[in-house]
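Colleague: Residue numbers (this note's numbering), protein chains in the order written: chain A, 9 to 397; chain B, -8 to 387; chain C, 272 to 577.
Please keep in mind that the hints were generated in silico from the structure rather than gathered at the bench. Do not rely on the hints blindly, as some may be mistaken.
Now the stretches of chain B that chain A is said to cover, found in silico as 3 or more residues with beta-carbon under 8 Å [stated by the list, open to error]:
| hint | region |
| --- | --- |
| 1 | 64 to 72 |
| 2 | 180 to 194 |
| 3 | 252 to 261 |
| 4 | 291 to 303 |
Using C-beta positions, here's what the derived DEER-type ranges look like [what the hints assert, rightly or not]:
| hint | chain 1 | residue 1 | chain 2 | residue 2 | range |
| --- | --- | --- | --- | --- | --- |
| 5 | B | Met243 | C | Met464 | 37 to 43 Å |
| 6 | A | Lys204 | B | Ser32 | 56 to 62 Å |
| 7 | A | Lys204 | C | Ile426 | 35 to 41 Å |
| 8 | B | Thr202 | C | Glu459 | 47 to 53 Å |
| 9 | B | Pro217 | A | Asp72 | 42 to 48 Å |
| 10 | A | Gln71 | B | Pro143 | 37 to 43 Å |
| 11 | A | Gly253 | C | Ile335 | 27 to 33 Å |
| 12 | A | Thr357 | B | Val142 | 42 to 48 Å |
| 13 | A | Glu301 | B | Glu223 | 30 to 36 Å |
| 14 | B | Trp252 | C | Met464 | 54 to 60 Å |
By construction, the Cβ of each residue, glycine as well, lies at the ideal position given by its N, Cα and C atoms.
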Amino acid sequence: MKKSFCWSAGAALVAAAMLATAVPAVAKDTVKIAFIGPLTGGVSANGLGGRNSAELAVKLRNQDEKAKYTYELMALDDECKPNVGVQVATKAAADRKVIGGVTHYCSAVAIGAVDIYHKFGMPAIVWGAVLPDITYGNTHAEVHRVNGTMINQNETAAQFMADQGYKTWAVIHDTTDYGKGHNEYFSKFITGKGGKILGTFGVTADQQDFTAELTKIKELKPEVIFFGGLTPIGVRIRQQMDKLGIEAVFQGTSGIVSDAYLDGLGELAEGTLAFREGAPADKLPGGKFFLSEYEKAGYDQAPEAYGPFAFAAANLLMDAIEDVGADRKKVTAYLNKVENHDSITGPITFDDHGQNTVAVITKYVAEDGKWAVWEDSKYATGERKLAGR
Amino acid sequence: MTAKTLDLPKKSWLGLPALAIGLIFVALVTVYGWLFLHAESEMEVLALLVAAAIGVVAGTRSGATRNVSVAMNQHSGIMNAAIIGGVLVVIGLLSQEHFSLLMLTSVLLYLTAALGLNVQFGYTGMVNFAGAAFFGIGAYTAAVMTMHTGVPPLLILLCGGVAAALIGFVLVLPVVRTRGHYSAVVTIAFAVLFKTFLEVNDVLGGPQGLTVGSMSILGWDFNSSPTLFGVEMSFYVNYALLGTVLAAVAFMFTRRLERSWLGLTLDSVRLDETASACFGIGVTRAKILAFTFGNVLAGTAGALYGMMISFIAPTSFTFSDSLLLVAIVLLGGMGNPWGTAVAAAIVVVLPEKLQIIQEYRFLLFSVLVIVMLLFRPDGLLPRQIRTYIPGWRKQP
Amino acid sequence: MDIGLLGQYLANGIMLGTMYALVAVGFTLFFGVLDVIKFSHGDVLMLGAFTGFTVYLGMAGIGIENPWVLVVFVTLSAVIGTAFIGAVIARYLVLPLKSAPPLNILLITLMLGTAIREAVRLFFPDGSNPKPFPSLLPSSSVELGNFSLRADSAILVGVGLAVIVGLHLLINRTRLGLAIRAVAQDEETAKTMGINYTMIVLVTFAIGSGAAAFAGTMNGLYYNEINFGMGLLLGLIGFSAAIIGGLGNLYGAILGGFLFAGLQTVGAVALPFASAYKDVFAFAVVIALMAWKPTGLIAERTSDRV
């Protein structure tokens, strides 16, 4: 995974060229599918993990001799910016050779791009963006999503925390749609369950220093700090909590379920809670297969939290193409009827908005440098205790 | 009607008159632009980049470039018409290519905004690091007005410009009072403030952004595909054509401004504020004028951009996007609108063409710009000394 | 609000201010000598932090465990390495563009910043994720009610302030400083007086970049986390701080740094409606300040440019 220094962009160029021109052994028709995600900039770790996973899915499929087509992945960078997202979505959708897409990690980008897919009739499967509106804000038949929304995630999170007996929270969220959305839904569910929010703090996604906010929180003395945001600032906030001697439980969202969070904090990560849609990859037979194949492929970056979803989405798309042929309309129709489709993240069933309804939410706790599933952890057995319990 | 003064070369290239060479040049650039927008594979892109480099060197060596400049100088009317014609031909050739047209229109709109900045710091010397913010104000104005009012969209374009100018007035006091780096920091602060404010404040959609309605003129919806001779074209043709008009008008305004007494005033303010004030030039007025003019252009372009993209969010108008606009002006050569045009094409299209190397594209892009600057420290087409009468300083 | 919390805010603010001031000092130096804005400064800072991190990994790899030895070596190698890189940047990217409009240096350093950032992201192993910077300083803390001061924070602030004072002495009390000031004031005259102009420019860039690397390492030691994008905002704030203070003046940079830190802290604490507005607040105050004092709080006077 973390292999070696990659010394030159030139080498990458050559590699990309080779990849693109690789000739299949058997003469099959070539079908293009698109991958869109942030490959550069602040959240690129997730984008690259997703890209690698989708690429892996394509590679494995091309090795399968029974496959009717040879697949080619067109990976595009949306920079996590809506205008660039619309641009690359147009690029993919306007290219008739591209049959479908595995698209978007950033919600604001996805929201902007879904109209493009609809306009051009290209089936798209969202692999990482969690904003409910992406599927529920429209009636586009082309748009699907394999991962759950932040509504499911926070409902479970609130229920779980209330069951643990926590009463007071302070909320820190980043001011992107991701953090704001999480703040909104978590606050709604937790107050509904009798929890009390003592203070809410919005922070920008590139902020380094949180001591001012945390000192304020120290004054409020909450039992739990809820954090809605992604790994980089999650690491910083947890780190600085320790600096200021804040003992509260740190509760995160799907955005911090990553190896980088654990690596970035070391021992401090212990006891952090987080929630993510989907069954944990290493619990399902397919998931184990994915992780071992990913390891074998020797990518420089980890798959991150949403890699398995990108893998599942790419596979679902290719299954559809295998079944009904390389035709956008037929693939869209196929996808809309997907029910209990086997995947490495659990069975996929799309509702009438194209949203995967079998959204299992897994509860995680950081234990001994790993994200352990709550039920299997020493915390659940009572061997270890969360802060304040 | 151009600011370039060049002594005619002793011998014309291939013995052709300058105008003919100029027209050949425009034709070549047209074909090149079409090929480049069309290029998909890495080999094509690479070949075209090499071709461009060779072309520039060959053109300079053989003296053809000077002939082109002369043509621009002496036959500006015909040349300008030829260039607009060239753009139209490219649009025609690409009429079914949605994506290429989207890129072309983006270039034209970024060009329009960058021309505004050009007036601000190419002519007047006021650095503006909030270009994307004013661009964004235009786009947000378009979003609000198309969705909540019945104002005809063409008018909304103007409103976008006016809104940018009005909000710009908030900055007028600090910008006019400060100079150089000090005024840079005012605009930097504004650029950061603008994006953060939109993000934390939910009135304008917050971080999730807003949907923008489409452009329409006299009932013709720009999001429907025009049909010509039974061939259905991309709906982006509409935007590309309007973008061309907008860029052409902006270009014309900029050039007229440069040639006018006002332009001279702006230049003198840039070169020496104190001396200009001594000669009775209203430094404050000149600065306000240039600042507002630039913001209007940026806002207008932003409004059309928003309508074309049809969805906007604060992350599209960050400080780094402002820097992109600044990069266009500087790379092109400060104060030369033609340079701005070339640089706009490079800065907008090149990163997109580099999509083929995925995560490495920004690394390569920034290295390419560094190399260009090392070879041409003054920008690609530095501004020449102004002449008022074409071919006045003659010559054999 | 009790006194302990007040002290905590103050301590946070001082820490933040020291870091901002160190970055701002770099901007002021470059501006003084060459009249240029070097936009890659923040990314050079990040590079310094990563250099330190790499040295740490190397030293930990060969089994050196004494934290004090590690801290000294990590900091020194980061500062020296980055100072060298700073000089190289000046020699090959900044000086060649000296005759071009000064803004073009801004563009080239801007692109250089992007290149550095992207290169670290792509070529440092797993560089797109945050890295855990080791905490090498003692972490015992003093608790006074709500106020908790950790030894490492105190040491960092102390050393940071010492570096700023040291830079001040270097500029104002040494022959090198004299030469730097001479070049800043009048390049031509300085040359005629036998000052090696190119050398002085390179040295100035080395000093400025070294200071940035120090700030980067300090940042790493304090937050125990570094990432490829850390220089972006720090560079922006450092630049703003240098300008609010008044360019070409070390005191200005320090004042600006602390002022900015103060604004952010006050913004986060005192704004009742939402702390998310604190950056809006800080930058709005910057705009207002510039309208009030167009050449910075400590107005630039040609006679005492650095």
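Colleague: Indicate, hint by hint, whether the structure satisfies it.
Modeller: We went through each hint and held it up to the structure:
Figure legend: the region 64 to 72 of chain B, annotated as covered by chain A; annotation inconsistent (0 residues with Cβ-Cβ distances under 8 Å, at least 3 required). Proximity of the region 180 to 194 of chain B to chain A, defined as three or more residues with a beta carbon under 8 Å from a beta carbon of that chain, is established by the 3 residues found. Counting residues of the region 252 to 261 of chain B whose beta carbon lies closer than 8 Å to any beta carbon of chain A gives 0, which falls below the threshold of three, so the coverage claim is violated. With 5 residues having a Cβ less than 8 Å from any Cβ of chain A, the region 291 to 303 of chain B passes the three-residue criterion, so the hint holds.
Look at Met243(B) against Met464(C): about 52 Å separates their beta carbons, and that is not inside 37 to 43 Å. At roughly 59 Å, the beta-carbon separation of Lys204(A) and Ser32(B) lies within the given 56 to 62 Å, and the hint holds. Look at Lys204(A) against Ile426(C): about 39 Å separates their beta carbons, and that is inside 35 to 41 Å. Range check, Thr202(B) to Glu459(C): about 59 Å between beta-carbon atoms, so the 47 to 53 Å window is missed.
Separation of Pro217(B) from Asp72(A) is about 45 Å and conforms to the stated range, judged on CB atoms against 42 to 48 Å. Distance hint check: the CB atoms of Gln71(A) and Pro143(B) are about 58 Å apart, inconsistent with the given range 37 to 43 Å. The hint said 27 to 33 Å for the Cβ distance between Gly253(A) and Ile335(C), and at roughly 30 Å that hint holds. With their beta carbons about 45 Å apart, Thr357(A) and Val142(B) fall inside the hinted range of 42 to 48 Å.
Distance hint for Glu301(A) and Glu223(B): a CB-CB separation of about 44 Å, inconsistent with the stated range 30 to 36 Å. Our hint of 54 to 60 Å for Trp252(B) and Met464(C) is violated, since their Cβ atoms are close to 44 Å apart.
In this structure, the hints that do not hold are numbers 1, 3, 5, 8, 10, 13, 14, in rising order.
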